[in-house]
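Based on the hints, put chain B in the right spot on chain A.
Those protein sequence lines, which keep their order, are chains A and B. Start counting the first sequence at 1; every next residue gets the next number (this note's numbering). Start counting the second sequence at 1; every next residue gets the next number (this note's numbering).
Calculated directly from the structure, the hints in this document are not laboratory data. Incorrect hints may have been included.
Intra- or inter-copy, both count: the list cannot distinguish identical chains.
[Said to hold, decoys possible] Simulated crosslink set (BS3-like; lysine-lysine; CA at most 27 Å straight-line):
id, residue 1, residue 2
1, K58, K10
2, K11, K58
3, K10, K119
4, K11, K83
5, K39, K22
6, K39, K119
7, K119, K58
Quick caveat, the model's predicted, so the values are computed rather than measured.
Protein chains: 2
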Amino acid sequence: MSTFPDRGDKKQVEEGLGFTPKFDSDGLMPAMAIDATTKEPLMLAYMNAESLQLTLEKGEAVYWSRSRQEIWHKGATSGHVQKIQEIRTDCDQDAIILYVEQIGAGACHTGRSGCFYRKINAASGEMSFVEDGKAFDPESVYGKA
Amino acid sequence: MSTFPDRGDKKQVEEGLGFTPKFDSDGLMPAMAIDATTKEPLMLAYMNAESLQLTLEKGEAVYWSRSRQEIWHKGATSGHVQKIQEIRTDCDQDAIILYVEQIGAGACHTGRSGCFYRKINAASGEMSFVEDGKAFDPESVYGKA
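So that you can see chain A by itself, here it is in the shape it has in the complex (with noise of 0.2 Å):
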């Protein structure tokens, strides 16, 4: 159940200053992480009202796991938190910015700094490493690989 106010018209919406996010049929937006300082983005991940919710009360980023169906406090067993900077969403308000601090090495379950470590080869469809080398050992971590 959202918390936060019915929207408006289209100008409300888009040039009003009411946060009134709008959430997809299975009640979620995209979020997307990026570091405050290197502006280097970091994950994109999901919300539904409650996760945004918490997002903003406790000033950390707060996910919606769509693979394990629950509020996921970002680094409760890594401890790699996101502390918020600021929040930005967009002209619809149906999308998240979070710059933020992350703490600890990285934002990326696989070890590396943040999840988009791969440029594609639009020519070729191949891949090629942007960061190749890990920032952390995801297996002392999580405690798997």
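Just chain B, lined up with the frame of chain A:
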């Protein structure tokens, strides 16, 4: 119908160099466009397999419009195309980042350089403008406000 290869196991998806994108139950994945020079996030939209393939072929951002339910070659109306500098995917290959050169004054249909022009005050739930002025006049570009 996806023209991309079948996905392998988790290790191949996360550590491999074959691009095997995963679309959600609606056949879509989120794509964040970021200004390649300034690192400012421009917009978040969605791609289906066809629009992703077209993006790779054209070297310009092609999205799927959820509201119009059609392929959306960004800039076809406004001239504000997004020339791809680099495309990245994330660990589980279900999200895309486009680093782009934004042609024209801006990416947002409201007339701003990007869509994320408001930040949220967590305590009050109110927002304030990060980017107040408009970069272009949407009426003159799109023919409507």
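Structure-based check of all given hints:
no., hint, in the structure
1, K58 <-> K10, "neither (30 Å within a copy, 32 Å between copies)"
2, K11 <-> K58, "neither (30 Å within a copy, 34 Å between copies)"
3, K10 <-> K119, "between (36 Å within a copy, 18 Å between copies)"
4, K11 <-> K83, "neither (32 Å within a copy, 30 Å between copies)"
5, K39 <-> K22, "both (25 Å within a copy, 26 Å between copies)"
6, K39 <-> K119, "both (17 Å within a copy, 16 Å between copies)"
7, K119 <-> K58, "between (34 Å within a copy, 17 Å between copies)"
The structure fails hints 1, 2 and 4 (numbered hints given earlier, in ascending order).
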